[in-house]
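So for the sequence shown, numbering that gives the first Met the number 0 puts the first residue at 0; every next one is plus one.
Because the hints were derived from the structure by calculation, they are not lab data.
Don't take each hint at face value.
Said to hold, decoys possible - Here are the simulated lysine to aspartate or glutamate pairs, EDC-like style, with alpha carbons at most 20 Å apart:
1) 255 <-> 112
2) 255 <-> 351
3) 258 <-> 423
4) 255 <-> 198
5) 255 <-> 117
6) 258 <-> 112
7) 255 <-> 209
8) 364 <-> 56
9) 364 <-> 63
10) 364 <-> 431
On a predicted model such as this, the values are computed, not experimentally measured, just so you know.
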Amino acid sequence: MKRKIVLKIGLTFFAFLVIISSCRRINEATELGDDLIPPIDNITTFDTSLTVLAFNDTFSLAMDSQRLRRNEVHFLGRINSDPFFGGTDARLFLQLKPLQANPTWVYPFARRDSTRLDSVVLVLSFVENYGDTNVTQTVNVYEMGQGNVFRADSTYLIRTNDFVYFNQLGSRTFAPAILDDSIKAFRDTSRNQLRIPLDTNFGRRLMNYDTTNAYRNDSAFNTYFKGFALQSMSSGQAIMGFSLISGATRLAFYYKIPKPGGGDSTVVTYFAFTGTSASANLIRRNYSGTPLAAAVGGSLPDPFIFIQNSPGSFATLKIPGLATLSNRLVHRAELIVEQVYHPLDTFFRPPDFLYVDVFDTTIDKYRSVPFDLSSDITGSLNFASFGIAPRRAVDQFGNPIRIWRFNLSRYVQHILTGTQSSYDLRLWAPFDVTNPFGVTSLPMRINPTIAKGRVRLAGNTGPTDTNPQRIRLRIVYSRL
0 MKRKIVLKIG LTFFAFLVII SSCRRINEAT ELGDDLIPPI DNITTFDTSL
50 TVLAFNDTFS LAMDSQRLRR NEVHFLGRIN SDPFFGGTDA RLFLQLKPLQ
100 ANPTWVYPFA RRDSTRLDSV VLVLSFVENY GDTNVTQTVN VYEMGQGNVF
150 RADSTYLIRT NDFVYFNQLG SRTFAPAILD DSIKAFRDTS RNQLRIPLDT
200 NFGRRLMNYD TTNAYRNDSA FNTYFKGFAL QSMSSGQAIM GFSLISGATR
250 LAFYYKIPKP GGGDSTVVTY FAFTGTSASA NLIRRNYSGT PLAAAVGGSL
300 PDPFIFIQNS PGSFATLKIP GLATLSNRLV HRAELIVEQV YHPLDTFFRP
350 PDFLYVDVFD TTIDKYRSVP FDLSSDITGS LNFASFGIAP RRAVDQFGNP
400 IRIWRFNLSR YVQHILTGTQ SSYDLRLWAP FDVTNPFGVT SLPMRINPTI
450 AKGRVRLAGN TGPTDTNPQR IRLRIVYSRL
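Full structure from sequences and hints, please.
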């Protein structure tokens, strides 16, 4: 993320203007939520706003090593035309196996002779939708090739994989909005399911195996059937989240066997997501032709900030006036970030949480904001007071928006007293942060899932920017 020399010259100019503007007494309404902060009276207590310059960027493959564990929500579906963030293609890979007691397996079906298969259905336990759920899309189910390395004891990158799949097993066209409807099937009446009928020839193939081949043990089963690959193939405007570890995620075989006295008995056998089942999620973003793509790489600060959940985008924030601001007693310093409303925000909701960290030049890596993000004696982090959760508000036109107020008070105070360097900040919406404190490999969860959530925020073009929603650093202080 190297910037041109023009940027350095511009920042120097911005810093000069910001220092001048910081001397003004500003009466912006206080929404700090801290009773210990004295009221702004312009006599003993003041406030000022420093210009924050934002530069959009996207994560490269080298920068993004996010992996997904088997117990997390996995997404499937397609978003073709988000006006700001383009397209999303979410593909799901999983293994479903007989419930067996290793190492000795048994034939999983009621009996093999005289059995008549009615249907075989892939069932996924639905958790949530994201996007316009009334637009239909077609989900195809494929068989994964035997050459894939697909293991239950491994986790896989969400941005890329080399899985090969073939042999379409089934398909369903539907609107994601129906997934929370009630489902009635043989011995299965419930809600929140995606049910995809599969080719009965595939079902018969699995039923024709026995304990001399596929059902000998887990390793043998993997050599006969590697797993499923699911992909949305048509136009769509939503991605769907599923739980693989739920008992409702399974492969259902519905078949009949003869009764001793005549007639047939209907039987269902389930394959489940077991402890030896592998899973992976592939999330591909396509920013071509979007405002986000156009904003990446510029030398001038951006008027809008585009933040998308993992795998997604981020913004580098520079506060040129902070390093040269005179010392004072800081009561509160908060980075204020406001959503810019668009009607499609109803479908494409913001991430649950945004996060700010710094690029620490002394260790050449990102780390948590010094002094302001910390843990208590129980190890719990102060996310609430740090400000990762938004507040609901309305803009000047009465539209619903969200505002984030990040508490950087201690960090700013140490900069002003000369005990802390002023670093560039990074604003983003991560799923996990791996090294939040720079030296330890402590994983830290920010957002509850991958993939869902994006927001367009107000940037700042410089000290002369008059947009009331512009990103800014507000400092409430007293003179020393």
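So, going through the hints one by one against the coordinates:
At most 20 Å may separate the alpha-carbon atoms for a hinted pair to count; residue 255 and residue 112 meet this at roughly 11 Å. Proximity of residue 255 to residue 351 is assessed by CA-CA distance (about 48 Å); at most 20 Å being required, the pair is judged violated. Between residue 258 and residue 423 the CA atoms are separated by roughly 74 Å; this puts the pair beyond 20 Å, and the hint is violated. The hinted pair formed by residue 255 and residue 198 meets the criterion: a straight-line CA distance of about 17 Å does not exceed 20 Å.
With a C-alpha separation of about 7 Å, the suggested pair residue 255 and residue 117 falls inside the 20 Å cut-off, and the hint holds. Taking the CA atoms of residue 258 and residue 112, the gap is about 12 Å. The hint holds against a cut of 20 Å. A distance of roughly 18 Å separates the Cα atoms of residue 255 and residue 209; the hinted pair therefore holds under the 20 Å criterion. With a C-alpha separation of about 17 Å, the suggested pairing of residue 364 with residue 56 holds against the 20 Å cut-off.
The suggested pairing of residue 364 with residue 63 holds, with an alpha-carbon distance near 14 Å, which does not exceed 20 Å. The straight-line distance between the Cα atoms of residue 364 and residue 431 is roughly 16 Å, inside the 20 Å bound, and the hint therefore holds.
Figure legend: structure checked against the earlier numbered hints; hints not met, in rising order: 2, 3.
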